[in-house]
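Using the sequences and the hints given, assemble the complete structure.
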Amino acid sequence: MMGTAPFSAFIDIPSMLVVCGGSVAAGLICFPLGSMIGSPKVMLKTILNKSEDKLALIKQLVALAETARRDGLLTLESKIADIQNPLVKTGIQMAVDGSTPEVVEQVLRTEADALAARHREGKAIMDQMGRFSPAYGMIGTLLGLIMMLADMSDPSKLGAGMAVALITTLYGAIMANVFFCPFAEKLGLMSRAELTSIEIAIRGVMAIQSGESPRAIEQKLRTFLPPKLRNAE
Amino acid sequence: MMGTAPFSAFIDIPSMLVVCGGSVAAGLICFPLGSMIGSPKVMLKTILNKSEDKLALIKQLVALAETARRDGLLTLESKIADIQNPLVKTGIQMAVDGSTPEVVEQVLRTEADALAARHREGKAIMDQMGRFSPAYGMIGTLLGLIMMLADMSDPSKLGAGMAVALITTLYGAIMANVFFCPFAEKLGLMSRAELTSIEIAIRGVMAIQSGESPRAIEQKLRTFLPPKLRNAE
Amino acid sequence: MMGTAPFSAFIDIPSMLVVCGGSVAAGLICFPLGSMIGSPKVMLKTILNKSEDKLALIKQLVALAETARRDGLLTLESKIADIQNPLVKTGIQMAVDGSTPEVVEQVLRTEADALAARHREGKAIMDQMGRFSPAYGMIGTLLGLIMMLADMSDPSKLGAGMAVALITTLYGAIMANVFFCPFAEKLGLMSRAELTSIEIAIRGVMAIQSGESPRAIEQKLRTFLPPKLRNAE
Amino acid sequence: MMGTAPFSAFIDIPSMLVVCGGSVAAGLICFPLGSMIGSPKVMLKTILNKSEDKLALIKQLVALAETARRDGLLTLESKIADIQNPLVKTGIQMAVDGSTPEVVEQVLRTEADALAARHREGKAIMDQMGRFSPAYGMIGTLLGLIMMLADMSDPSKLGAGMAVALITTLYGAIMANVFFCPFAEKLGLMSRAELTSIEIAIRGVMAIQSGESPRAIEQKLRTFLPPKLRNAE
Amino acid sequence: MMGTAPFSAFIDIPSMLVVCGGSVAAGLICFPLGSMIGSPKVMLKTILNKSEDKLALIKQLVALAETARRDGLLTLESKIADIQNPLVKTGIQMAVDGSTPEVVEQVLRTEADALAARHREGKAIMDQMGRFSPAYGMIGTLLGLIMMLADMSDPSKLGAGMAVALITTLYGAIMANVFFCPFAEKLGLMSRAELTSIEIAIRGVMAIQSGESPRAIEQKLRTFLPPKLRNAE
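Residue numbers (numbering that gives the first Met the number 0), protein chains in the order written: chain A, 0 to 232; chain B, 0 to 232; chain C, 0 to 232; chain D, 0 to 232; chain E, 0 to 232.
Simulated from the structure, these hints should not be mistaken for lab results. It cannot be assumed that every hint is accurate.
You can't tell identical chains apart in this list, so a pair holds if it fits in one copy or across any two.
The calculated DSBU-like cross-link candidates involving lysine-lysine, where the alpha carbons are at most 30 Å apart (straight line), are [claimed, not checked]:
#: 1; residue 1: Lys58; residue 2: Lys227
#: 2; residue 1: Lys227; residue 2: Lys53
#: 3; residue 1: Lys219; residue 2: Lys88
#: 4; residue 1: Lys156; residue 2: Lys40
#: 5; residue 1: Lys219; residue 2: Lys78
#: 6; residue 1: Lys156; residue 2: Lys58
#: 7; residue 1: Lys227; residue 2: Lys40
#: 8; residue 1: Lys78; residue 2: Lys58
#: 9; residue 1: Lys53; residue 2: Lys78
These numbers come from a predicted model, not from an experiment.
This is how it looks when you write it as C-alpha cells:
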C-alpha cells in the first residue's frame with residue numbers, strides 16, 4: 000500500500016447506510032428488538048468483564064458453611080446482602096426460606112440455564128451480524144458496479160466509481176472481522192469458562208444446605224480448580 | 000456509491016425469472032409442493048408471532064388443577080373450549096376421556112414432535128432457498144457474461160451488458176440476505192423458545208391428571224421460568 | 000440479460016467432457032461402481048416416490064393382529080403375499096416360522112439399518128457430486144483461460160475465448176444446483192420421513208407376535224401419527 | 000475450450016514446486032513423518048481393496064465353533080494359522096491361551112479402535128491435503144501476479160504471465176479434486192463399512208469362547224447381514 | 000511463474016502491519032492476553048514435542064505397584080521425585096497423603112480436564128488466527144485498491160499499485176496456511192493422542208492405591224496399547 004489518497008477516500012455515507020442499515024435490518028428479522036438493542040451493552044460488558052475469581056467464590060462458600068454449622072442455617076439470612084454471585088444468593092435465600100433441596104437445585108439449574116441462554120443469544124446475534132455484514136457489503140458493491148457500468152458516458156470516472164463501489168465491501172469486511180466475529184468468539188469462550196463457576200456455586204449451596212462440614216466442602220470444591228490454584232491460601 | 004443511474008437500471012425481468020424460477024424449481028425438487036406453497040404463510044406467521052406467555056400458561060394450568068381437585072377431573076370437560084394451548088387441550092381431553100397417563104404422555108410427546116418437525120421443515124426450506132438463490136444468481140450472471148462475450152461486435156455495449164449480467168447476482172444476494180437467511184434463523188430461534196412452553200404444558204397436564212396439589216404444581220412449573228418472572232403475580 | 004447470442008453459444012462438447020467426465024471419475028474413486036450406476040435410478044425413484052401411507056400401514060397391522068388373535072398366528076402365513084411393506088413381510092414370516100421375538104426384532108432392526116444405509120449412500124453420492132461438479136467446472140475454466148492467455152496472437156478472439164472458458168463454470172454450477180444438491184436434500188428428507196414408518200412396522204410386528212389385543216395395538220400405533228390423522232377412520 | 004495451445008503450456012516446474020512442496024510441508028507440520036510417508040500406500044490400498052466378504056467370515060466363525068464344540072476349545076490352536084481376519088486370529092489365540100472373556104473382549108475392542116484410528120488418520124491426512132493444495136495454489140498465483148504486475152515493462156507479456164500465474168491455481172484444484180478429496184471420502188466410507196465386519200468378528204469370538212451352539216452363533220451373526228445375503232448358502 | 004522481480008517486490012512494511020496487526024488485535028479481543036502471549040510457546044512445543052512413551056509409562060506404574068505391594072504404599076513417597084508424568088505424580092502423592100480413592104480420582108480427572116482445556120484453547124487461538132489473517136489480508140487489499148482507484152492520475156503506476164494491493168492477500172494466505180492452520184490441526188491431533196496416556200495414568204494410580212497385583216495391573220493397562228506394542232518387553 001503506497002497510496003497517497005486522503006482519508007476521506009474511505010468515507011462514503013450512502014455506503015455506510017447500505018451496510019449498517021442492511022445488517023441491522025436483517026438482524027431485526029432474526030432477533031427480538033430488545034435483544035438487538037441490548038447487544039452493544041453485551042459487547043461492552045465483554046470487553047470489561049474479568050472472569051470471576053473462583054478461589055474467592057470457594058472461600059465465601061466455606062465461610063458461609065462455617066457460619067451455618069456454628070449458628071444454624073437461618074443465621075445466613077443476615078449475610079445474604081454480602082453475596083455477589085447471583086446463584087449463591089438465590090440458593091442461600093431459598094435454603095433459609097425452607098425450600099427442599101430438590102427445589103433449590105432445580106431453581107438454580109433453571110437460573111443457570113437462563114444465564115447460559117442469554118450468553119448463547121448474545122453469541123448468536125454477533126455470529127449472524129458477522130455473516131450479514133459482508134453479505135450487505137457485497138450487495139452494496141454490486142449496486143455500485145451496476146450503476147457505474149450502466150452509465151459509462153465518462154470513462155475517466157471509471158476508477159473513482161469502482162473505488163466507491165468497493166468501499167461497501169471494505170465496510171462489511173471490517174465490521175465482521177473487527178467487531179462481530181471476535182466478540183462472538185469471546186462470548187463463546189466466556190460462557191464455557193463460566194460453567195465451572197456455576198457448578199461450584201450450585202454444589203457449594205447444596206452442600207451447605209445438607210450441613211456438610213466446611214472442611215469437606217472446601218476439599219470437594221477445590222477439586223474444580225486448576226492444579227496451580229488448588230493449594231493456594 | 001454515487002451513480003445517478005435511474006432505478007430502472009436495477010429491473011430486468013428475464014434476470015428475475017432466472018433467479019426466482021430457478022430457486023423455486025430447485026426448492027420444489029427438495030420439498031413437497033404443499034410445504035413450498037405454505038412457506039410464505041410460515042414467513043408471515045414468523046413476523047407476527049409473539050412468543051407465548053409462559054406465565055399465563057402456568058396460571059391456566061394451576062386454575063385447571065384447582066377445579067380438578069375441588070370438583071373432580073371430569074368437570075374439566077366444560078373448560079376445554081377455553082384452553083388456547085393445543086397440547087393442554089388435547090391432554091385434558093384425553094385425561095377426561097379416561098386414557099391412561101402413559102398414553103396421554105406419549106400422544107402429547109408425539110404431537111410436540113410433529114410441531115417441532117413442522118418448524119424444522121420451515122427452517123429447512125428457508126435454509127435451502129437461501130443457498131439456491133445466490134447459486135442461481137451466479138448461474139444467471141454466467142449466462143449473461145457468456146452471451147455478452149460471445150458477441151462483442153459493439154464494444155461500447157460492454158459496460159451495459161456487464162451491468163445486466165451482474166443484476167442476477169444482485170437479485171440472488173438480496174433474496175438470500177433479506178428474506179431467506181434471516182427467516183431461517185428466526186424460525187430456528189422460535190422453535191427453541193417453544194421447547195420450554197411445550198415442557199411446561201406436558202408436565203402440567205401430567206400433574207393435573209395425577210391429582211397433585213395446585214400449589215405443588217405451580218411451584219414445580221415456575222422453576223421453568225427465568226428468575227424475573229418466577230415470583231411475579 | 001439481453002444477449003441475442005444463439006443457443007449454440009452455450010454448447011461446447013469438450014467442456015461438457017471435462018465437467019461430466021471429471022465429476023464422474025472422482026465419484027468412481029469415492030463410491031463402488033454399482034452404487035454409482037444405480038444412482039440415476041435412485042434419482043428417478045426420488046421424483047416418483049410418494050411417502051408411504053402410514054394410516055394404511057397401521058390398518059393392515061391391526062387387521063393382521065385380528066386374524067392372529069382369532070385364528071392363531073400360523074394362519075397369517077396365507078396373508079403374507081398381500082403385505083406390501085417389506086419389514087412387516089419379513090417380520091410376519093419369521094414369526095410364523097417360529098423365531099423368538101428377540102431374533103425377529105434384531106433382524107428387523109438390521110434390515111431397517113440396511114435400508115437407512117442405502118439411503119445414506121444415495122445422499123452421499125449426490126452430495127459429493129454436487130461438490131465435485133463446480134470444482135471440475137472451475138478446473139475447466141482455468142484450463143480454458145490458460146490456453147487463451149498463453150496464445151493471444153489475435154486479441155479480437157479474447158472475448159470468444161473467455162466465453163468458452165466460462166462455459167465449464169456454468170456447466171458445473173448447473174449440474175450442482177439443478178441436479179445434485181436438490182436431490183441430495185430430497186433424499187435426506189425422505190429417509191427422515193421413513194423412520195416413523197419403520198418404527199410403526201417394527202412395533203406392530205412385535206405386538207402381533209406377543210399377542211396383544213388389536214385395539215391396544217391400534218391405539219399404541221396411532222400415537223405415532225400426527226394429530227390430524229390420529230382419529231381418522 | 001478451443002485453445003490450440005500445446006500441452007507444454009500446462010507444465011511449469013516452479014509452480015509445481017510451490018503447490019506440491021507447500022502442501023507437503025504444511026502436511027508435515029500437522030502429521031507425524033511416518034504417517035505422511037505411509038499415505039501413498041494407504042491411497043493404493045484404497046484403490047485395490049475389496050470390502051471383506053462378511054458371509055465367508057461368518058462361515059469360518061461357525062466352522063471354528065463346530066470344532067470347538069466337538070473337540071474342545073484347545074483344538075482350535077491348530078487352526079489359527081488359517082484365519083485371515085486379524086481380530087478373529089487374536090481372539091482365538093487368547094481364548095486358547097486361557098484369557099478370561101472380559102480380557103479377550105477388551106483386547107479385541109482396543110485392537111478394533113486402533114484400526115479405526117489408523118483409518119481416521121489416513122482420512123485426516125487426505126482431508127488436510129485437500130484443503131492445503133488449493134490454498135498453496137492460490138498463494139502461487141498471488142506470487143505470480145505480484146511479480147508480473149510489479150514489472151510490466153513489456154505489456155505484450157501480460158497474457159503469458161497471467162497464464163503462468165494461473166497454473167498454480169489449476170495444479171492446486173486438480174490435486175484436491177482428483178486425488179485428495181475423493182480418497183478422503185473413500186477412506187471414510189470404507190471405515191464405516193468395516194465396522195460391521197469388526198462387530199461380527201468380536202461377537203463371533205466371544206460366542207465361541209462361551210461355548211454357544213454353532214447353529215445359534217450362525218443365526219445370531221447372520222442378522223448382521225443385509226437381507227439378500229442372510230439366507231444365502 | 001517466470002517473473003524476474005527482485006525479492007524486495009514481496010516486502011511491504013505497511014501491508015505487514017495491516018495483516019499482522021489486524022489479526023493480533025482481533026485475536027486479543029477473543030482471547031485473554033496471557034493465552035495470546037503464550038501461543039508462540041505452544042507452537043514451539045508442538046514442533047518439538049514427542050508423544051509420550053506409553054510403554055515406559057506402564058512399566059513405571061508396574062514398578063510402583065511392586066514397591067507398594069512389597070513395602071507398603073507409604074514407601075512410594077521416596078520415589079515421587081523420579082516420576083515424570085504429572086498425573087501419576089499428583090496421584091501417588093495424594094495416595095501417600097491418605098486421600099480417599101474418590102478424591103484422588105476426581106482430582107486427577109479435573110487435572111486431566113484442565114490439561115485438555117489448555118490444549119483446546121491453544122487450538123482455538125490457532126483456528127481463529129487462521130481465520131482472521133486471510134480476512135485482514137483481504138481488508139488490506141481492499142484498502143490498497145480503493146486508494147489506487149481513487150487516484151489514477153498516472154495510469155502507468157496501475158500495475159505497481161495493484162501488485163502492492165495484492166501483497167496483503169498474499170501475506171494473509173501465507174500466515175494462515177504456513178503457520179496457523181497446520182498448527183491448529185497438529186494441536187488437535189496431539190490432544191487426542193494424549194487421551195490414552197491420561198487414561199493409563201489414572202487407571203494405573205487407582206489400581207496401585209487399591210492394592211491390585213502388579214501382574215494384573217500390567218495386563219489391564221497393556222490392553223490400551225496397540226497390538227504391536229502389547230507384548231513388547
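| request: Just pull the numbers of the violated hints for me, sorted ascending. | output: 4, 6
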